[in-house]
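Number of protein chains: 2
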Amino acid sequence: MEGSKGVVLLNCFVSPFGNRVRIALTKKGVEHEVTAENMAQKSALLLASNPIHGKVPVLLVAGKPICESQVILEFIDEAFSTTGEQLLPTDPYARAQARFWVAYVDAKIPACAPKIWQSPKGAPAVEEGKKEMLVALKTLEAELGEKPYFAGESLGYADVALVTFAPWFLTYERLAGFSIAEECPVLTAWAARCADENECVAKSLPDPEAVFQFVGGMRKHFGLE
Amino acid sequence: MEGSKGVVLLNCFVSPFGNRVRIALTKKGVEHEVTAENMAQKSALLLASNPIHGKVPVLLVAGKPICESQVILEFIDEAFSTTGEQLLPTDPYARAQARFWVAYVDAKIPACAPKIWQSPKGAPAVEEGKKEMLVALKTLEAELGEKPYFAGESLGYADVALVTFAPWFLTYERLAGFSIAEECPVLTAWAARCADENECVAKSLPDPEAVFQFVGGMRKHFGLE
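Respectively, the protein sequence lines represent chains S and C.
Sequence positions in the first sequence follow this note's numbering and run 4 to 228.
Sequence positions in the second sequence follow this note's numbering and run 4 to 228.
Hints listed in this document are in silico derivations from the structure and should not be mistaken for laboratory results.
Careful: at least some of the hints might be erroneous.
As the list makes no split between identical chains, a pair holds if one copy fits it or if it spans any two.
[To be verified] Computed cross-link-like contacts, DSBU-like style, restricted to lysine-lysine with a CA-CA straight-line distance of at most 35 Å:
id	residue 1	residue 2
1	Lys141	Lys124
2	Lys150	Lys223
3	Lys67	Lys141
4	Lys134	Lys67
5	Lys150	Lys45
6	Lys223	Lys118
7	Lys134	Lys150
8	Lys223	Lys31
9	Lys223	Lys124
10	Lys67	Lys150
11	Lys31	Lys124
12	Lys67	Lys124
13	Lys58	Lys134
14	Lys118	Lys45
15	Lys206	Lys58
16	Lys206	Lys124
17	Lys206	Lys31
Values in this document were obtained by computation on a predicted structure and should not be read as measured data.
Build the full structure now, drawing on both the sequences and the hints.
The structure is reproduced here in structure tokens:
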């Protein structure tokens with residue numbers, strides 16, 4: 004297996020889940036390769052590495068696969084702990100708070116976002132998805148409050164989990180006809196701050212226009228446009 | 004607040020999620036009180052402690068709330084680590100495997116189980132829920148294989164996460180007309196082993212007949228029977 008001695012990430016460049024892993028590896032200074040997966044034609048390596056879900060991201064460490072982005076991020080924080088940078092704080096209660104908000108992001112955003120981008124334009128599901136997304140984003144905005152980052156002064160676990168959805172905001176806005184910047188100005192400023200102040204974020208996120216083009220291609224493929 | 008100096012669990016006796024916390028606290032020898040919540044009339048304490056979801060379990064530690072069972076179990080493992088017993092192994096890769104299977108349980112079982120017990124008898128959703136549940140249980144059974152417990156020789160994180168659904172099996176079987184013992188003999192033997200060999204499990208699980216009665220009461224309340 005190629006790269007069996009190192010760290011290899013199987014990813015798709017638009018994946019919010021895969022891009023969390025890119026941020027974490029970069030933040031912690033872990034040397035790694037990224038292998039681009041075509042989700043319409045999954046590689047034998049992906050299917051062998053994640054037989055249960057067949058999804059990206061998969062992190063291969065010395066050839067051993069780890070699946071699911073939350074699981075991978077916890078692994079990275081534990082296995083590569085000598086670089087000084089940590090995603091999770093040390094205090095157990097603060098760790099619980101970070102995990103709670105990551106679980107919130109994963110319970111809410113992946114449930115409403117596809118209603119927007121996997122539905123025909125103007126379908127009732129699009130409006131439903133928009134409403135649910137605004138509830139979730141405003142809840143997250145209220146939790147952020149006046150803090151620069153979710154856990155305080157620096158980029159942490161919850162920031163990494165949420166910020167990878169920011170490149171998709173443009174797509175949600177165009178397809179559902181609303182403005183996240185107008186509805187959630189604090190969260191919008193936070194997303195910009197994450198990229199401006201953290202090279203690991205800036206380097207790991209796709210161009211929002213490229214996401215929109217990618218989604219447009221998928222929508223044409225599935226007869227939605 | 005009552006018990007503000009100690010450890011208090013807000014729970015409902017049938018909750019698979021809350022009962023995970025009971026097992027974990029008992030396994031680690033953490034002194035605690037359990038407060039029974041009536042989910043049809045949630046207490047002010049529950050709503051104040053978990054304003055985002057309004058659900059059990061909530062663990063109050065010196066008055067500070069922790070929500071979501073996975074988050075609580077990780078917290079218990081980290082915060083009460085002096086008793087010798089741990090839910091998660093120490094090796095990061097083994098920890099990742101345990102977390103992967105807990106995430107699998109939580110992605111699959113809570114998605115199919117309500118189709119069985121929240122639908123009218125004979126509805127197509129019941130059959131759909133049964134089929135999905137058997138796929139999930141057989142996948143878990145294959146992962147267990149010939150090991151006594153998911154992580155090897157002793158009760159761990161994935162065991163605790165799954166075994167709290169075992170008292171519900173009788174209800175699923177009666178409502179959907181199938182036998183989990185026949186379909187999944189290895190998993191059935193594992194569930195018995197968890198209770199037989201671990202007092203923390205035996206003491207924390209409700210009687211399956213009591214679960215069936217409880218569910219029957221809810222079904223009547225919602226006009227399903």
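We went through each hint and held it up to the structure:
1. Lys141 <-> Lys124: Answer is within; shortest intra-copy Cα gap is 24 Å, inter-copy 39 Å.
2. Lys150 <-> Lys223: Result: close neither inside a copy nor across copies, 41 Å intra and 48 Å inter.
3. Lys67 <-> Lys141: between (39 Å within a copy, 24 Å between copies)
4. Lys134 <-> Lys67: Only across copies: lysine 134 and lysine 67 sit 31 Å apart there, 41 Å inside one copy, limit 35 Å.
5. Lys150 <-> Lys45: Classified as between: cross-chain Cα gap 31 Å, same-chain 41 Å, threshold 35 Å.
6. Lys223 <-> Lys118: both (16 Å within a copy, 33 Å between copies)
7. Lys134 <-> Lys150: within (25 Å within a copy, 46 Å between copies)
8. Lys223 <-> Lys31: Cα proximity of lysine 223 and lysine 31: none, with 38 Å in one copy and 54 Å across.
9. Lys223 <-> Lys124: within (12 Å within a copy, 41 Å between copies)
10. Lys67 <-> Lys150: between (38 Å within a copy, 20 Å between copies)
11. Lys31 <-> Lys124: Classified as neither: same-chain Cα gap 41 Å, cross-chain 53 Å, threshold 35 Å.
12. Lys67 <-> Lys124: neither (42 Å within a copy, 45 Å between copies)
13. Lys58 <-> Lys134: So lysine 58 and lysine 134 pass the 35 Å test inside a copy (27 Å) and across (22 Å) alike.
14. Lys118 <-> Lys45: Close inside one copy (24 Å) and across copies (31 Å); limit 35 Å.
15. Lys206 <-> Lys58: within (23 Å within a copy, 38 Å between copies)
16. Lys206 <-> Lys124: within (32 Å within a copy, 54 Å between copies)
17. Lys206 <-> Lys31: The answer is within: 14 Å in one copy meets 35 Å, while 43 Å across copies does not.
The structure fails hints 2, 8, 11, 12 (numbered hints given earlier, in ascending order).
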